[in-house]
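*Asks:* So you can see what is in the structure, the chains are spelled out below.
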Amino acid sequence: ETGVTQTPRHLVMGMTNKKSLKCEQHLGHNAMYWYKQSAKKPLELMFVYNFKEQTENNSVPSRFSPECPNSSHLFLHLHTLQPEDSALYLCASSQTQGFGNTIYFGEGSWLTVV
Amino acid sequence: RKEVEQDPGPFNVPEGATVAFNCTYSNSASQSFFWYRQDCRKEPKLLMSVYSSGNEDGRFTAQLNRASQYISLLIRDSKLSDSATYLCVVTRGDQGGKLIFGQGTELSVKP
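For the protein sequence lines, the chains are X and U, in the order given. Per this note's numbering, residue 170 is the first one in the first sequence, and the count goes up by one each step. Per this note's numbering, residue 1047 is the first one in the second sequence, and the count goes up by one each step.
Okay, chain X solo, but in the shape it has when bound (with noise of 0.2 Å):
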């Protein structure tokens, strides 16, 4: 059973809705993080939140929008977004940001752009 929760499981949107996605962490970290896993790419770290506060926006198309209202929710806020943008969306804490921290996943949304 993980710490760390993700809804929806699954989520098919076309490319002019707006959805979101949300986690939740149950262990007390302070730490969050959005990841993204296309078919055969190497996971791709997206943001980071510590204590709250976004440390790291990897370049992410703004059409990607994350959401972090304290330190054991974030969501990830998805507008006209393209086909390329379906893949597996993970979300994931730790203790803190930084070395020393294991992290824990979510069991992810598989995402679908139609």
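Any given hint might turn out to be false.
[As the list claims (entries may be wrong)] Calculated pairs, DSS-like style, for lysine-lysine (alpha carbon to alpha carbon, straight line, at most 27 Å): (1) X:K205 to X:K187; (2) U:K1091 to X:K187; (3) U:K1091 to X:K209; (4) X:K191 to U:K1144; (5) U:K1156 to X:K209; (6) X:K191 to X:K221; (7) U:K1125 to U:K1048; (8) U:K1048 to U:K1091; (9) X:K210 to X:K191; (10) U:K1144 to X:K221; (11) X:K205 to U:K1156; (12) X:K205 to X:K188; (13) U:K1144 to X:K205; (14) X:K209 to U:K1048; (15) X:K221 to X:K209; (16) U:K1088 to U:K1144; (17) X:K210 to X:K188; (18) U:K1125 to U:K1156; (19) X:K205 to U:K1048; (20) U:K1088 to X:K191; (21) X:K209 to U:K1144; (22) U:K1125 to U:K1088; (23) X:K210 to U:K1088; (24) X:K191 to U:K1091; (25) U:K1048 to U:K1088; (26) X:K188 to U:K1088; (27) X:K209 to U:K1125; (28) U:K1156 to X:K210; (29) X:K210 to U:K1091; (30) U:K1144 to X:K210; (31) X:K209 to X:K188; (32) X:K210 to X:K187; (33) X:K205 to X:K221; (34) X:K221 to U:K1091; (35) U:K1088 to U:K1156; (36) X:K210 to U:K1048; (37) X:K187 to U:K1088; (38) X:K209 to U:K1088; (39) U:K1125 to U:K1091; (40) X:K209 to X:K191.
Hints in this document: simulated from the structure, not taken from any laboratory.
Following the hints, complete the assembly by docking chain U onto the known chain X.
*Replies:* Positioned in the frame of chain X, the structure of chain U alone reads:
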């Protein structure tokens, strides 16, 4: 060149076999090293950290060679349940511990 490169795979081995995965990293600022396991359509999970002195956890042995910038994972007596993708992960010392993932090596253990 990718910052973290792994054996391309897939590896198809019979039960009971010993299999080794290799991983190289290009940035000397890499500080910490891990192996993660990812089952099909599931999230990655930490398998083990990799220490300079090498470390073992049951059937799994991890080795690190900082001079050659090389990490390995050895699985002895493979089980069907070991079938998964194994991800090599390094953290960047010059980027606040940012995790860099390899593309993964797929292992399929057959009866």
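*Asks:* Now, for every hint given, state plainly whether the structure supports it.
*Replies:* Results of checking the hints against the structure:
1. X:K205 to X:K187: Holds - the C-alpha atoms of X:K187 and X:K205 are around 18 Å apart, at most 27 Å.
2. U:K1091 to X:K187: 30 Å, violated
3. U:K1091 to X:K209: Holds. U:K1091 to X:K209 sits at ~18 Å (cutoff 27 Å).
4. X:K191 to U:K1144: 23 Å, holds
5. U:K1156 to X:K209: Holds, because 22 Å separates the two Cα atoms, which is no more than 27 Å.
6. X:K191 to X:K221: Satisfied, since the Cα-Cα distance of roughly 15 Å is no more than 27 Å.
7. U:K1125 to U:K1048: 31 Å, violated
8. U:K1048 to U:K1091: 22 Å, holds
9. X:K210 to X:K191: 23 Å, holds
10. U:K1144 to X:K221: This hinted pair holds, its Cα atoms lying about 17 Å apart.
11. X:K205 to U:K1156: 30 Å, violated
12. X:K205 to X:K188: The hint holds at about 16 Å.
13. U:K1144 to X:K205: Given pair U:K1144, X:K205 holds - Cα atoms ~15 Å apart, limit 27 Å.
14. X:K209 to U:K1048: 14 Å, holds
15. X:K221 to X:K209: Since the Cα atoms of X:K221 and X:K209 sit roughly 31 Å apart, the hinted pair is violated (cutoff 27 Å).
16. U:K1088 to U:K1144: Holds. U:K1088 to U:K1144 sits at ~22 Å (cutoff 27 Å).
17. X:K210 to X:K188: Between X:K210 and X:K188 the Cα gap is close to 24 Å, so the pair holds against 27 Å.
18. U:K1125 to U:K1156: 8 Å, holds
19. X:K205 to U:K1048: 17 Å, holds
20. U:K1088 to X:K191: At roughly 17 Å apart (the allowed maximum being 27 Å), X:K191 and U:K1088 satisfy the hint.
21. X:K209 to U:K1144: 21 Å, holds
22. U:K1125 to U:K1088: The hint holds at about 19 Å.
23. X:K210 to U:K1088: Answer holds: X:K210 to U:K1088 is near 15 Å, not above 27 Å.
24. X:K191 to U:K1091: 20 Å, holds
25. U:K1048 to U:K1088: 24 Å, holds
26. X:K188 to U:K1088: 22 Å, holds
27. X:K209 to U:K1125: 24 Å, holds
28. U:K1156 to X:K210: Holds - the C-alpha atoms of X:K210 and U:K1156 are around 25 Å apart, at most 27 Å.
29. X:K210 to U:K1091: Distance of about 17 Å is within 27 Å: holds.
30. U:K1144 to X:K210: 18 Å, holds
31. X:K209 to X:K188: Holds, at roughly 25 Å.
32. X:K210 to X:K187: Holds. X:K210 to X:K187 sits at ~26 Å (cutoff 27 Å).
33. X:K205 to X:K221: Answer holds: X:K205 to X:K221 is near 20 Å, not above 27 Å.
34. X:K221 to U:K1091: Distance of about 24 Å is within 27 Å: holds.
35. U:K1088 to U:K1156: 20 Å, holds
36. X:K210 to U:K1048: Roughly 11 Å between the alpha carbons, so the hint for X:K210 and U:K1048 holds.
37. X:K187 to U:K1088: 25 Å, holds
38. X:K209 to U:K1088: 14 Å, holds
39. U:K1125 to U:K1091: Given pair U:K1125, U:K1091 holds - Cα atoms ~18 Å apart, limit 27 Å.
40. X:K209 to X:K191: 25 Å, holds
The earlier numbered hints that this structure contradicts are 2, 7, 11, 15.
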